[in-house]
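Chains as they are written, first to last, in full-length UniProt numbering: chain V, 1 to 237; chain B, 1 to 195.
Note that these hints are calculated values from the structure, not bench results.
On a predicted model such as this, the values are computed, not experimentally measured, just so you know.
By construction, the Cβ of each residue, glycine as well, lies at the ideal position given by its N, Cα and C atoms.
Hints may contain errors.
Said to hold, decoys possible - Far from chain V, some chain B residues (derived; all Cβ distances over 12 Å):
{"id": "1", "residue": "W4"}
{"id": "2", "residue": "L21"}
{"id": "3", "residue": "I185"}
{"id": "4", "residue": "A194"}
Claimed, not checked - Covered stretches of chain B, as calculated for chain V (at least 3 residues, CB under 8 Å):
{"id": "5", "segment": "61-68"}
{"id": "6", "segment": "77-83"}
{"id": "7", "segment": "86-94"}
Residues per chain are reported as follows:
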Amino acid sequence: MGKTESSLSNMALTLITITLLTGAALGYVYKLTEKPVAIAKEKKQQEAIRLVVPEFDNNPAQEMYLIPTSDGDSLKVFPAKKEGKKVGCAIESISHNGFGGDVKIMVGILPDGTIYNYQVLEHKETPGLGTKMTTWFKPSEEDNVSKASGNAFFNWLFGISNNSGGGNTSIVGVDPTKTKLEVSADGGDIDAITAATISSRAFLEAVRKAWYAYTEIVDTHSSATTKEKNSQEGGMQ
Amino acid sequence: MNQWSNFTKGFFKENPVFVMLLGMCPTLGVTSSAINGLGMGLATTFVLVMSNIVVALVKDFIPEKVRIPSFIVIIASFVTIVEMVMQAWLPALFEALGLFIPLIVVNCIVLGRAEAFASKNSVGSSIIDGLGMGLGFSLALTILGTTRELLGSGKAFGLPIFSESYGMLVFVLAPGAFIALGYLIALINKIRRAG
């Protein structure tokens, strides 16, 4: 250290050289990782779509379209079709009211309006509390599926809570016209995650937004599903 | 100092967390589970070794008055590289560590080793120093993470040890980090005195 004299020109030259070299190195690594990062993000989205709707043979990402919501967001809708017939759609929904920021989820809704499955895409909730939302709102038979994707930790938590709680925590298979998608503390039908009511509220808000977006689609886009929805509403009355 | 003691000093005698109390931000922040602690420790080890190598290589060319900014630029570059590589090939770990990866830049262990060791020693010794300190840091974070995970949710590395209902939730949260670290430091001090 200090073999080079600390003169102004030396110092300026050193700093310029170092920043240039590191800048070039970073640019190179960015180029290298650019593609894998994009692929990883796309893979995650594909994986989420695959998990939340029944088997399909089209490319939902290509047929994606946007649905604006009342509070200014646009939700991405990925229609899933098998042999040309609609088997459900995956809706990427977001809530801005999480405990640590935005909660982004993918919700799959079947043509008959029931929720098929969901997947949490992004969140900043408290580890060990709000993070349980990745499995909390699923029924316990989901354990094996989620374990395969490396969520044994939360699954175990979920299994215990389901056995001991006995309340209704699952949103899978529910029909939002019959079940109130709000935490039970707010008068809804879904039990919140223990000690993480704010995260649960945000999660359910995102699910509700996806559901409203879905009702928009069936009202305006497809007559076949509208008919189904009407008959379903008729059944309710 | 021979190379073996140069390597092992980071584990016990000069452990960055338990003895020197350096890098407290990631130590307290990410250790809510054992696996997060280990991941953070290994990411820091990589940055530590790489920045030690580069600092030891360029130490003769850097004027003394601009050495700190130069070191910080070098360290920050390696942290950014770790962040991009992790995002590309280890997205799951990237999600778990999230915010704390950029904070490796301001981890005083990294700058501390660059300033106190790599800028005065050869490349070879600096690599060994970086490895020893980094692995010592990883070990400390893993011990702290395991302790908190076990006490807080009854698990170690995600494997259930006892039922979660006996867990003390506070240990998974921030106050538990301070409590667990305090007792661990007391324990290490006791062993050090006895030894």
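- L21 (chain B) clear of chain V by more than 12 Å, beta carbon to beta carbon? 24 Å, holds
- Query: Are there at least three residues in the segment 77-83 of chain B whose beta carbon sits under 8 Å from a beta carbon of chain V?
  - Reply: holds (count 3)
- Query: Was A194 (chain B) rightly flagged as not at the interface, with every chain V Cβ beyond 12 Å?
  - Reply: Given a closest Cβ separation of 35 Å, the condition holds.
- Message: Can you confirm whether chain V covers the segment 61-68 of chain B, using C-beta to C-beta distances below 8 Å and requiring at least three such residues?
- Response: holds (count 7)
- Query: Can the segment 86-94 of chain B be counted as covered by chain V under the rule of three residues or more with Cβ-Cβ separation shorter than 8 Å?
  - Reply: Since 5 is at least three, the answer is holds.
- Beyond 12 Å from every Cβ of chain V: is that where the Cβ of I185 (chain B) lies? 23 Å, holds
- Beyond 12 Å from chain V, beta-carbon-wise, is W4 (chain B)? 26 Å, holds
Checked against the numbered hints given earlier, this structure breaks none of them.
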